[in-house]
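Student: Starting from the known structure of chain A, fit chain B onto it as the hints suggest.
Protein chains in written order, with the working numbering: chain A, 38 to 464; chain B, 38 to 464.
Worth flagging that the hints you see were computed from the coordinates, not collected in a lab.
Just so you know, not all the hints are guaranteed correct.
Copies of the same chain look alike in the list, so a pair counts if it fits in one copy or across any two.
[To be verified] Below are the DSSO-like pairs computed for lysine-lysine, each with C-alpha atoms no more than 30 angstroms apart in a straight line: (1) Lys290 - Lys58; (2) Lys58 - Lys289; (3) Lys289 - Lys89; (4) Lys290 - Lys89; (5) Lys158 - Lys83; (6) Lys217 - Lys289; (7) Lys290 - Lys158; (8) Lys153 - Lys290; (9) Lys89 - Lys217; (10) Lys441 - Lys289; (11) Lys83 - Lys441; (12) Lys158 - Lys217.
2 protein chains.
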Amino acid sequence: MAAPFCIAVAGLGTVGGGTVKGLIAHGEALAARAGRRIEVSLVCDKSENRTKGLGVSHITDDIADVIASDADAVAELIGGEGGPALRLVEGALATGKHVVTANKALLARHGARLAKLAEEKGVALRFEAAVAGGIPIVKALRENLLTYGISAVHGILNGTCNYILTQMETTGRSFADVLKDAQELGYAEADPTLDVGGGDTAHKLALLAALAFGVAPNLDAVATEGIERITPDDIAFAHELGYRIKLLGIAKKTPDGIDQRVQPAMVRVGTPISDVDGVFNAVVADACEAGSYFFQGRGAGECPTASAVIADIVDIARGNCGPAFGIPADRLLPLTPAPNGSARSAFYLRFQVLDMPGVLAEIAGRLADWGVSIESMLQRGRAPGEAVSIVMITHETSHEAAVKALKHISESGRVVARPCMIPMEAK
Amino acid sequence: MAAPFCIAVAGLGTVGGGTVKGLIAHGEALAARAGRRIEVSLVCDKSENRTKGLGVSHITDDIADVIASDADAVAELIGGEGGPALRLVEGALATGKHVVTANKALLARHGARLAKLAEEKGVALRFEAAVAGGIPIVKALRENLLTYGISAVHGILNGTCNYILTQMETTGRSFADVLKDAQELGYAEADPTLDVGGGDTAHKLALLAALAFGVAPNLDAVATEGIERITPDDIAFAHELGYRIKLLGIAKKTPDGIDQRVQPAMVRVGTPISDVDGVFNAVVADACEAGSYFFQGRGAGECPTASAVIADIVDIARGNCGPAFGIPADRLLPLTPAPNGSARSAFYLRFQVLDMPGVLAEIAGRLADWGVSIESMLQRGRAPGEAVSIVMITHETSHEAAVKALKHISESGRVVARPCMIPMEAK
Chain A
38 MAAPFCIAVA GLGTVGGGTV KGLIAHGEAL AARAGRRIEV SLVCDKSENR TKGLGVSHIT
98 DDIADVIASD ADAVAELIGG EGGPALRLVE GALATGKHVV TANKALLARH GARLAKLAEE
158 KGVALRFEAA VAGGIPIVKA LRENLLTYGI SAVHGILNGT CNYILTQMET TGRSFADVLK
218 DAQELGYAEA DPTLDVGGGD TAHKLALLAA LAFGVAPNLD AVATEGIERI TPDDIAFAHE
278 LGYRIKLLGI AKKTPDGIDQ RVQPAMVRVG TPISDVDGVF NAVVADACEA GSYFFQGRGA
338 GECPTASAVI ADIVDIARGN CGPAFGIPAD RLLPLTPAPN GSARSAFYLR FQVLDMPGVL
398 AEIAGRLADW GVSIESMLQR GRAPGEAVSI VMITHETSHE AAVKALKHIS ESGRVVARPC
458 MIPMEAK
Chain B
38 MAAPFCIAVA GLGTVGGGTV KGLIAHGEAL AARAGRRIEV SLVCDKSENR TKGLGVSHIT
98 DDIADVIASD ADAVAELIGG EGGPALRLVE GALATGKHVV TANKALLARH GARLAKLAEE
158 KGVALRFEAA VAGGIPIVKA LRENLLTYGI SAVHGILNGT CNYILTQMET TGRSFADVLK
218 DAQELGYAEA DPTLDVGGGD TAHKLALLAA LAFGVAPNLD AVATEGIERI TPDDIAFAHE
278 LGYRIKLLGI AKKTPDGIDQ RVQPAMVRVG TPISDVDGVF NAVVADACEA GSYFFQGRGA
338 GECPTASAVI ADIVDIARGN CGPAFGIPAD RLLPLTPAPN GSARSAFYLR FQVLDMPGVL
398 AEIAGRLADW GVSIESMLQR GRAPGEAVSI VMITHETSHE AAVKALKHIS ESGRVVARPC
458 MIPMEAK
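Same shape as in the complex, but just chain A:
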């Protein structure tokens, strides 16, 4: 058997700790797969509590030691789009070390540049754990679904949002209430903005789009909307219409460029993605003539994520060191974003209006002005002179037309809240 493959692990939180424990506990089985022993030669964390008790004798709290070490590879599990994570990855690659990371924010911002650096140094940059945890979607896009290209990829990429939406659906409670519980249960961070605002999903989507379409990750071109404005009413109306509301990351090739969006969407009950509940993640890849593929599994947590990190390490140890995004970094095209608002779909629209004669005619008229035609309408309850919800499902229209019509409608004195607009996906 070949010489051991030495890995330094930096950042010993849930994923980093799990990675070290997994590598040690399953060392023999992993050696059989890698063709050589994998040795954790160094661990690095600011907190002494985290580095102790892992059974690794070489410990540091300084990433400079990791960069200067003679490890074959570094697992960067610190997190954050810049700072020490970036310095470590740059330093490790520059000194000819392979890098494995779970850091979507870092790669969404600096992925193309880091991939190029890795190739110049003849080392691998791997990130299976950065997208959808244990689901092997990065490898599937990079190494499996490659013949005919990918026309679109979409998924549920944030377990916190999916948990909150599932809970809202089950209990009928508000976003704020469910979020508070999720925080107490540890399913949501104290500052939940990155999750519930869609930012985390956008990071992951930018990586999926890069893999799927052979482009440099372009986070700025992801139109991002979170789940904060979804109400129990929306969820109930969706149910009535045979749909569920999921926060999706969606990337599509269009004739005018690549459309990348993170947004709550209506998914039809009966489609695989509509059944993905709680903290699970799922991804659908449309592989052109090869058909559509659906992947579901645990998108977070110690073992699912460590399992993805370790699979990357084993791959590299065995010598599978192809380009980070599947094609050489200097051939990654810049991502041309589809023009803003050009995406077309049917929409769910909900208006909070004063229940008085003529209001429906006004809304319908404004929609018609912008060429938005209505497929069906629902109204719940009656309360003359007070606020009620009117829901409309449109025929397919451009995002731009719908937005403009809604802007116009919300200027009416009889519309008492900002209208809600959710695209219908997975019809």
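Tutor: Below, chain B alone, put in the same frame as chain A:
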């Protein structure tokens, strides 16, 4: 860029023809992924009609020419568990050529031996296309879900059976009628035995089990039952109980060995696998601490299958040439089968009985004699003195106890047909 990677393709049916067409049409994109041009240097088929018009200038009808050629790799797409397919794979490996195949029958029979031969010669043996077509489950088990091991894997692995069961459910028609239509539509072979009898699923299951558990494929240890005896009544009862009937391949680690079974099973509505309809395939892998993963997609057809063959070719061209089953062939353990009948589950039982007093008591008594206890019972219609169906759902029991009880019951003069017994999976 490195020298071109030359591939000889033998067997130009749907998959072989699609592979050649795909390699040529997408040559440039594939070269970017492989790091070198992939060239179809030779095609081989008995039929001149198939070799013509593909744009490949070197043609033969003799596999000896393929073996003697200077191709880097051979794609064996002839099919069949022995004969020319086996001679070609053995000959190609022996002369130091990588082999890619979609041939599950061949590998289920000879996989361990051929993997060993490949390793001795320092070449790869790849078979992504042999299981579940375009779904990248072979690579996922071999290269992704490897840290914590796999406790069980199950799936819908035969599109013909799934199409027939879906049609029976939709139309209420009999197995024989739906099969006849499927044959006319080209969804079932003129001789459908290998599909509807479960043999094809057994081939694929033996390969999944080998990948999942690090064992040599053992086809003889797969207990195989087909869908021929499923009636519209069973499907209707399943519906009433909140289940659907799917032909599953199931491999599980048990304390006493590995249990491999192909059989119709009740899957609860709402589980991902219950929604897999028509010609689709799906696989669920239980990756111990890393959780459960679900994969769905096209399990057959020209492009999905060619896409899997081509992905293997690209992998090898790029130098990813690890062992066929993930670990070195000489470390693949012999598969110790779980003792026959030891598998435990709840069962759906349907009895065709004469509608007369005492018959229910007799059946319940026999079941009790074998320790099989009943959770619920359904009876449809009444026809004193004539045959009616009685359906029972048991509590969890051993397969053996259920079989013995049923044998006893079927000896009764009031039971007019062989009882039907279907395990409840995915509860």
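Student: Against each hint, give a clear statement of whether it holds in the structure.
Tutor: Hint-by-hint comparison with the structure:
1. In the homo-oligomer, the alpha carbons of Lys290 and Lys58 lie at most 30 angstroms apart only across protomers (24 angstroms), although the nearest pairing inside one protomer, at 41 angstroms, exceeds that limit.
2. Taking the shortest Cα distances, Lys58 and Lys289 sit within 30 angstroms of each other only across copies (26 angstroms), while inside one copy they are farther apart (39 angstroms).
3. Proximity of Lys289 and Lys89 under a CA criterion of 30 angstroms is satisfied in neither setting, with 46 angstroms inside one chain copy and 37 angstroms between copies.
4. For the identical chains of this complex, Lys290 and Lys89 are neighbours neither inside a copy (48 angstroms) nor across copies (35 angstroms), given an alpha-carbon limit of 30 angstroms.
5. For a Cα distance limit of 30 angstroms, the shortest separation of Lys158 from Lys83 inside one copy, 28 angstroms, qualifies, whereas the shortest one across copies, 48 angstroms, does not.
6. Taking identical chains as interchangeable, the C-alpha atoms of Lys217 and Lys289 are never at most 30 angstroms apart, the minima being 34 angstroms within one chain and 40 angstroms between chains.
7. For the identical chains of this complex, Lys290 and Lys158 are neighbours neither inside a copy (32 angstroms) nor across copies (43 angstroms), given an alpha-carbon limit of 30 angstroms.
8. Proximity of Lys153 to Lys290 under the C-alpha cut-off of 30 angstroms is restricted to the intra-copy arrangement: shortest distance 24 angstroms within a copy versus 44 angstroms between copies.
9. Neither within a single protomer nor between protomers do Lys89 and Lys217 lie at most 30 angstroms apart by alpha-carbon distance, with minima of 33 angstroms and 67 angstroms respectively.
10. For the identical chains of this complex, Lys441 and Lys289 are intra-copy neighbours only, at 23 angstroms inside a copy versus 56 angstroms across copies, given an alpha-carbon limit of 30 angstroms.
11. Proximity of Lys83 and Lys441 under a CA criterion of 30 angstroms is satisfied in neither setting, with 51 angstroms inside one chain copy and 64 angstroms between copies.
12. In this assembly of identical chains, Lys158 and Lys217 lie within 30 angstroms of each other by CA distance neither inside one copy nor across copies; the values are 47 angstroms within and 61 angstroms between.
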